[in-house]
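**Student:** So that you can map any letter, position 31 of the sequence shown is 31 in the working numbering, and since no number is skipped, the others follow by simple counting.
Derived from the structure by calculation, the hints contain no laboratory data.
Built from N, CA and C at the ideal position, the CB exists for glycine as well.
Where hints are given, some of them may not hold.
[What the hints assert, rightly or not] Below, a list of computed lysine-lysine pairs in the PhoX-like style, where the Cα atoms sit at most 20 Å apart: (1) K217 <-> K266; (2) K294 <-> K200; (3) K48 <-> K106; (4) K99 <-> K65; (5) K294 <-> K48; (6) K217 <-> K258; (7) K48 <-> K89; (8) K65 <-> K48; (9) K106 <-> K65; (10) K266 <-> K99.
[What the hints assert, rightly or not] Each pair of labels, with its calculated beta carbon distance range: (11) S163 <-> Q110: 35 to 41 Å; (12) C157 <-> Q222: 43 to 49 Å; (13) S64 <-> S286: 38 to 44 Å; (14) V191 <-> R40: 22 to 28 Å; (15) G113 <-> S286: 28 to 34 Å; (16) V221 <-> H36: 42 to 48 Å; (17) D132 <-> T215: 18 to 24 Å; (18) K99 <-> T68: 15 to 21 Å; (19) Q160 <-> S286: 25 to 31 Å; (20) T108 <-> K254: 25 to 31 Å; (21) K183 <-> Q222: 18 to 24 Å; (22) S64 <-> H42: 35 to 41 Å.
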Amino acid sequence: MIIMICAASTTVSSAQFNVVPSGKKLILGKDTLCFHYDLRAHDTLRYKVEANDSINVENGQAFSKRRTEIVEVTCDSVSVDSLMHLSMKLVSARELHIKGADTTVKTTSQWIGRRHRIVIDKLGHRISSSSDNDSVAGIAPGGTMQPMLIPIIDSSCGRQGQSWLSEGTVALVENAIPNPILKQQNFWRVVDHHDTLGRKASILQYTQTGVGAVTLKTRDVQIETMCVVAGYGRLMFDREWNVIIHQYATVENKFTMKLLSGTDVKGRHLTAQNVTLIEMISRDPSRRWTLSPK
1 MIIMICAAST TVSSAQFNVV PSGKKLILGK DTLCFHYDLR AHDTLRYKVE ANDSINVENG
61 QAFSKRRTEI VEVTCDSVSV DSLMHLSMKL VSARELHIKG ADTTVKTTSQ WIGRRHRIVI
121 DKLGHRISSS SDNDSVAGIA PGGTMQPMLI PIIDSSCGRQ GQSWLSEGTV ALVENAIPNP
181 ILKQQNFWRV VDHHDTLGRK ASILQYTQTG VGAVTLKTRD VQIETMCVVA GYGRLMFDRE
241 WNVIIHQYAT VENKFTMKLL SGTDVKGRHL TAQNVTLIEM ISRDPSRRWT LSPK
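With the hints as constraints, model all of the structure from the sequences given.
**Tutor:** Written out as structure tokens, the structure is:
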């Protein structure tokens, strides 16, 4: 059984986040931390994803899985207006499926090697997005609502403890075809400085709520899915390179699948994951880096 949680049927799309007016001007000071993305042409970020999933469908299957993945983000070019043209692909995936006393290991995925492109500004706003082949349906091992590898942070600077609210709709082309669509609201908070992986970093965290939908159509079946999403994330930005070097994120999807027969099938998908930068490839020698083995 394939469960697609929260997707939609368009492959090329755009999304914009906006700060919700609070009536208060952001006052900066000595404890101000700034965040933005700065990928240069031909930079490649290689991330290791370690995740735990728990999926429970009412009156149906319940199982968990442990995933280890390698994901690459490559900056193909930077336009004159500083927009970064990125491509993302899953390089490898290993899943340990656990159902009761039974366990199986899977090392293949239809998502491996498929390329997805997004154009972003320095705050992660998606100007456009597309997938390599929208005629072939597929889904990432983490599901259609797995946390974003490059979240839309929406504001560049804030003092420690300062917060802001953002909302908008985004197409998660990197997660599935048909493309996932998420309408979300994020509450952001500036945390502190921190050293990790031998690098100096600044920490930004968020809590997330959202709703999404998916329609999966084939010759023989049509399934419409609605979901409610709640999540939390903690991002560590490298203060020199301005890229995420570590991310912890959780998300809960409560979904309802509507079948053509009129039957509603409800369930829940929980994900907790750590994403760690293991290598940075660049034309600039000062931006070349490999995580030292433990």
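**Student:** Each hint should be assessed against the structure and marked as holding or not.
**Tutor:** For each hint, the structure was consulted:
1. K217 <-> K266: The given pair, whose Cα atoms are some 19 Å apart, holds under the 20 Å limit.
2. K294 <-> K200: holds (18 Å)
3. K48 <-> K106: Distance of about 17 Å is within 20 Å: holds.
4. K99 <-> K65: It holds: about 9 Å lies between the C-alpha atoms, which stays within 20 Å.
5. K294 <-> K48: holds (14 Å)
6. K217 <-> K258: holds (12 Å)
7. K48 <-> K89: holds (12 Å)
8. K65 <-> K48: holds (16 Å)
9. K106 <-> K65: holds (10 Å)
10. K266 <-> K99: holds (19 Å)
11. S163 <-> Q110: 35 to 41 Å: Since the Cβ atoms of S163 and Q110 sit about 40 Å apart, the hinted range of 35 to 41 Å holds.
12. C157 <-> Q222: 43 to 49 Å: Between C157 and Q222, where Cβ atoms are some 47 Å apart, the hint holds.
13. S64 <-> S286: 38 to 44 Å: holds (42 Å)
14. V191 <-> R40: 22 to 28 Å: For R40 against V191, whose Cβ atoms are near 27 Å apart, the range 22 to 28 Å holds.
15. G113 <-> S286: 28 to 34 Å: holds (30 Å)
16. V221 <-> H36: 42 to 48 Å: holds (44 Å)
17. D132 <-> T215: 18 to 24 Å: For T215 against D132, whose Cβ atoms are near 21 Å apart, the range 18 to 24 Å holds.
18. K99 <-> T68: 15 to 21 Å: 19 Å Cβ-Cβ, so the 15 to 21 Å window holds.
19. Q160 <-> S286: 25 to 31 Å: At roughly 28 Å between Cβ atoms, S286 and Q160 fall inside 25 to 31 Å, so the hint holds.
20. T108 <-> K254: 25 to 31 Å: With Cβ atoms ~29 Å apart, the hint holds.
21. K183 <-> Q222: 18 to 24 Å: holds (22 Å)
22. S64 <-> H42: 35 to 41 Å: holds (39 Å)
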